[in-house]
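Engineer: These protein sequence lines map, in sequence, to chains A and B. Going by the numbering used here, the first residue of the first sequence is number 1, and it counts up by one from there. Going by the numbering used here, the first residue of the second sequence is number 1, and it counts up by one from there.
Hints should not be assumed to be uniformly reliable.
[Said to hold, decoys possible] Stretch by stretch, here's where chain B covers chain A in the computed footprint (C-beta under 8 Å, at least three residues):
1) 99–107
2) 554–568
[To be verified] Which residues of chain A face chain B? A partial, calculated answer using Cβ under 7 Å:
3) Arg-88
4) His-155
5) Leu-157
No lab work stands behind these hints, which were simulated from the structure alone. Computed from a prediction, not measured in an experiment: that's the story for all the values here. Ideal Cβ placement from N, Cα and C applies to all residues, glycine included.
Residues per chain, in single letters:
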Amino acid sequence: MTDTTPALQFENLSVAYRVKGVSRPVLAGVSLEIRKGEAYGLVGESGCGKSTAAFAALRYLPRNGAVTAGRILIDGQDIGQMAPPALRQLRRQSVAMVYQDPGKALNPSLTIGRQVQEVFELAGVPRADWAARTVEILAKVQISDPQLVMGRYPHQLSGGMQQRVAIAMAIASNPTLLVLDEPTTGLDATVEAEVLDLIQHLRRELSTAILFISHNLAVIARMCDRVGVLYAGRLVEEAPTAQIFNAPQHPYTAGLLSCLPQAGRSKDQAPLATIPGFLPVPGEVISGCVFAARCAVADDLCRSTEPAFRVADGHASKCHYPERAGALPVVAKAGATLRMAEQAAAILQIENLSKSFGDGDQRQRVLRDIGIELRKGETLGLVGESGSGKTTLARCLLGLLQPDMGSELKFAGEPLAGRTAARTRDQVKSIQIVFQNPDSALNRSHTVRRMLERTISLLVGLKGAAREARVQALTQGVRLTERHLASMPRQLSGGLKQRVAIARAFASDPQVLICDEPTSALDVSVQAAILNLLADLQAETQVSYILISHDLGVVRYLSDRIAVMYLGQVLEIGPAETVFSGPHHPYTAALLSSAPAIGDEGAERVKLVGALPTTAQRPTGCVFHTRCPQSIPGLCGSKAPPQIVLEAGHVIECHLPADALPVRG
Amino acid sequence: MPGNVGRAMLGPFADQAAVDVLNHEMGTDRPVLVQYADWISGFVTGDMGMSYAYRSPVAPFLGTALLNSAKLAAVAFVLVVPLGIFGGVIAALYRGRPTDRILSVVGLSATVVPEFVSGILLILIFGVWLRWFPISATWADGAGPLTQLYHLILPAIPLVLILFGYIARMARAGMIEALDADYTRTAVLKGLSYPQVIWRHVLRNALLPTISVIATQTVYLIGGLVVIEILFHYQGIGSLIYTAAKKKDFPMLQAGVMSIGALFALTTLLADLLYARLNPRIRFGGQE
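Using the sequences and the hints, build the whole thing.
Structural biologist: Below, the structure written as structure tokens:
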């Protein structure tokens with residue numbers, strides 16, 4: 001490209017928010033450049049200033065935020081100096097943004113057509129061409145029936161479709177810079193893969209530069225040319241993608257990478273690395289390196305002198321000892337490497353479990369003939385797209401939903417009633433849950449101590465000193481301290497809150513713990529600590545977990561066995577490693593290949609056609625045949641597939657002969 | 001309501017036999033439930049019965065009273081709805097600044113002032129002292145619409161004062177939610193000007209919840225005006241019910257209360273339909 005003016009330039013940018021009259025810096029002296037047509041990834045944990053950087057690039061800071069130093073240039077123009085009309089012109093033509101949660105980003109009371117054509121109206125396109133241009137742009141984001149979609153309202157579209165529309169609006173003006181702030185967070189793995197494919201496809205077609213913000217390192221690895229790592233509002237490392245991921249030169253980057261539960265790692269081998277400590281509070285005065293307090297290789301120099309940004313071979317790092325970062329000692333605690341006996345007794349037996357909602361024509365079978373056995377001390381991972389019935393299954397097990405007639409649940413050999421109210425106290429105590437979002441799962445007006453005490457009194461019936469002893473034991477068990485007991489949930493970070501939720505779940509000494517997306521609201525370093533904790537607790541107490549997660553890395557790390565669900569049916573169940581390595585069900589293959597993984601960027605993806613059917617229009621024959629790339633015409637659509645038993649405990653429901661099943665490779 | 005209808009009509013000195021005969025003629029000596037069943041079956045077929053006090057059918061009285069109340073309510077409605085929404089929108093746009101504070105404080109203060117206080121003050125200031133407006137809302141027979149309006153302004157103001165705070169507060173809350181919404185950010189980042197953002201993307205979403213509030217308050221405007229109508233000598237449904245209650249004129253009282261109930265149901269239904277019309281998310285049928 002002959003035009004060398006960068007699409008976006010941050011020159012020593014500092015941004016601060018005023019909170020209660022005090023100025024809190026969020027970005028401090030960030031300098032970066034994104035060349036035309038380049039995709040630049042910005043990573044870091046929450047609170048590092050990623051989104052602030054994104055909004056600063058569009059000069060859309062919250063009312064209390066302000067640029068305190070430095071400049072932002074888009075295509076060479078200082079946007080800080082722009083008068084409102086010029087800024088509007090810039091937003092119409094040169095920059096656009098797509099953010100998380102497309103359902104909220106679209107106006108709920110206007111049709112898609114109106115919202116998209118507004119972009120053309122602003123670009124000065126003659127009114128007569130609006131409709132045609134809208135159809136054209138919607139087709140460009142691979143919406144198959146633009147005319148139909150234009151007449152729809154946002155709530156009538158799926159999340160993936162909504163994000164396509166948001167992307168269409170963003171690229172309609174062919175901007176110089178496209179800011180993508182967590183564009184796929186919250187979407188299903190298969191949908192995420194589609195959206196990422198689309199963005200890559202569009203990049204080849206357009207000359208747009210991309211600022212890609214994500215906490216998901218694997219997504220960044222797949223999408224970006226260069227990556228910058230933000231920590232506490234400072235850019236601590238910047239390099240071409242491959243260098244960052246293969247040879248990180250900052251301990252923070254190295255730490256982030258080693259926190260990830262990646263392929264081939266499981267709880268049986270070693271605990272995950274964690275980054276101890278917390279992000280400094282914005283405004284805290286730090287002499288020396290901002291990361292020194294949490295850094296494993298820091299010494300006195302790090303604590304006293306702020307390192308300079310050193311650049312060598314296009315790899316910049318703000319560290320005194322960049323060469324040490326790669327050799328970061330993995331925090332190897334004496335981990336629980338106890339392998340479960342393969343044939344431990346079954347603690348929970350699920351047979352023919354079905355659950356329907358509605359009556360008559362409206363009747364929808366959300367779960368259909370589920371048969372699973374959970375053994376003592378094992379972790380069973382449940383994976384599948386949203387709508388596959390994972391959470392409904394969890395609710396049936398907890399007794400929050402009454403399963404259909406004919407379903408059979410057994411706990412420790414005894415029949416288990418459908419509703420909690422009809423279960424014995426021991427059974428209620430024995431099956432507990434940890435929710436995804438600790439914020440809404442904990443009572444905001446109770447202290448941690450009160451929550452634990454109440455649970456103990458209610459479920460275990462302990463009082464006085466015995467109860468206090470139990471509180472202490474639980475607190476220590478989840479690595480919280482006395483100090484935390486007096487806190488309210490709002491005074492705790494996300495990771496600490498999840499520890500409280502886990503302590504609460506363990507209060508009654510459960511034998512089965514259902515973990516519904518236990519770490520998806522948490523940062524990777526905190527996630528690693530929580531996963532380690534869950535693994536330790538399992539080794540100590542022999543509790544069995546049912547782990548629901550869309551993050552396959554998490555599932556693989558923690559699970560002994562995995563069940564793959566689709567439209568309320570189990571398509572495959574087997575030992576974790578064999579489910580991952582294959583041969584596996586074509587749906588499992590698609591799920592696995594759609595999850596971006598580091599070091600896996602070039603791999604060919606198994607693409608699914610179409611959207612997940614609803615349970616109301618459950619396909620006949622094999623439920624998956626409408627989207628299956630290996631569907632056999634005439635067979636899969638008409639006849640229910642047989643069970644293929646590959647080895648002990650690895651069962652796949654599929655018409656394909658065993659040797660034709662896909663293998664990971 | 002306790003009390004002997006015949007005694008109330010004939011007065012304390014009437015002969016007990018005469019009272020009994022009257023009660024028997026009117027059927028008021030029958031058990032209450034029987035009387036009610038008799039009356040309600042008439043009401044649903046359009047026969048509202050005879051007034052005890054006037055010895056003539058209830059319907060014409062009720063019709064006139066409802067019409068009068070509707071006029072007063074309409075004046076108040078036309079004044080307060082735009083004012084309230086406008087106030088709420090302005091407050092939201094200047095959130096946290098003095099304009100917002102003043103609007104919120106004034107609106108809420110006015111809401112808690114009972115209408116008999118504000119009504120009496122208004123009569124004293126504008127009716128008695130300044131003599132700008134008539135102190136009675138009742139106009140001479142055959143008065144034109146403008147004269148009627150002139151009479152209705154003063155009684156409408158206490159209602160406006162009471163409702164302004166509610167409506168403005170709802171409008172403000174809705175606006176703030178919509179202004180903070182992601183779709184508003186999308187609109188700004190598309191490069192729309194601020195007025196365009198507000199007009200096209202914010203207002204409609206912001207004012208949806210306000211519609212429900214306005215609907216319930218409208219019923220209050222029609223049915224809850226006893227104090228205002230008495231204070232301003234206005235022959236509306238409020239004063240009709242009040243008089244009927246004093247005179248133990250049960251058919252009149254029942255018909256009045258029932259009409260207000262029916263109006264309440266009707267207004268709420270209309271508001272729900274309007275809400276559904278404006279909110280595509282709850283529009284049913286014919287779309288999929």
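Engineer: Run every hint past the structure and note whether it holds.
Structural biologist: Each hint tested on the structure:
Here's how the stretch 99–107 of chain A fares: 6 of its residues keep a CB closer than 8 Å to some CB of chain B, so the rule of at least three is met and the hint holds. Remark: the stretch 554–568 of chain A is not confirmed as covered by chain B, as 0 of its residues place a Cβ nearer than 8 Å to a Cβ of that chain, below the required three. For Arg-88 (chain A), the suggested interface contact is upheld, since its CB lies about 5 Å from the closest CB of chain B, less than 7 Å. With a least beta-carbon distance of about 5 Å to chain B, the hint placing His-155 (chain A) at the interface is held under the 7 Å criterion.
Hint status for Leu-157 (chain A) relative to chain B: violated, with the closest Cβ pair at about 12 Å, above 7 Å.
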